[in-house]
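Trainee: Sequence:
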Amino acid sequence: MKRKSPEPLTLSQKTKMWAVEDTQTLAAFRAKLHKELEEHRAQEDKEFEERRVQRNKEFEERRVQRNKESQERIAETERYYAEVRAALNRRFEEWHDEHRYRAAIENTVSTVLAAALAISLISLVSPSFHASVDGIGARITSFLCSASKDDEDGALAWQLA
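Using our numbering, the first residue of the sequence shown is number 83, and each one after it goes up by one.
Read the hints as simulated data drawn from the structure, not as lab findings. Fair warning: this is a prediction, and the values are worked out from it, not measured in the lab. Just so it is clear, CB atoms sit at the ideal spot from N, CA and C, and this is done for glycine as well. A few of these clues could be false.
As the list claims (entries may be wrong) - Below, a list of computed lysine to aspartate or glutamate pairs in the EDC-like style, where the Cα atoms sit at most 20 Å apart:
1. Lys-150 - Glu-140
2. Lys-139 - Glu-121
3. Lys-150 - Glu-160
4. Lys-128 - Glu-118
5. Lys-139 - Glu-158
6. Lys-128 - Glu-140
Said to hold, decoys possible - Listed next, with one range per pair, are the computed distances between beta-carbon atoms:
7. Lys-98 - Leu-119: 45 to 55 Å
8. Tyr-163 - Glu-132: 22 to 32 Å
9. Glu-120 - Ser-94: 32 to 42 Å
10. Glu-160 - Lys-139: 52 to 62 Å
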């Protein structure tokens, strides 16, 4: 049998066929665009996440650095105050020692002068006591003469005398 040649397509059939082809082409193009859009969004999301992680990392590094600097400033301030406190304590101890030393000298001189005054009064009342008083008076005079007016302690003794 002889094959029949296909009948030529009518315009309406051709239009329908082109419409189907166009629809398929548009669907393929839409799918391709949708896929590219999803890939682009995924890439943007990935880049955004990388930038966010980097910003957080930089922020954390700055926070750690600020904390470290703050701790260093606090430690430096504490060292400074410790030095000031130690210097004040040393100065107080020096003052306290000096005050105690001066008080001891003042007490000694006061005692010597009180004894001299008592001996002088006793010698005025009792002439027989006069001979023993001369020895004590010589010692007091010797003490005062040995105290140099140029020396701080001696000057204090002469002021009190």
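Trainee: A separate judgement is required for each hint: does it hold in the structure or not?
Mentor: Verification of the hints:
| no. | hint | result |
| --- | --- | --- |
| 1 | Lys-150 - Glu-140 | 15 Å, holds |
| 2 | Lys-139 - Glu-121 | 27 Å, violated |
| 3 | Lys-150 - Glu-160 | 15 Å, holds |
| 4 | Lys-128 - Glu-118 | 15 Å, holds |
| 5 | Lys-139 - Glu-158 | 28 Å, violated |
| 6 | Lys-128 - Glu-140 | 18 Å, holds |
| 7 | Lys-98 - Leu-119: 45 to 55 Å | 31 Å, violated |
| 8 | Tyr-163 - Glu-132: 22 to 32 Å | 46 Å, violated |
| 9 | Glu-120 - Ser-94: 32 to 42 Å | 38 Å, holds |
| 10 | Glu-160 - Lys-139: 52 to 62 Å | 31 Å, violated |
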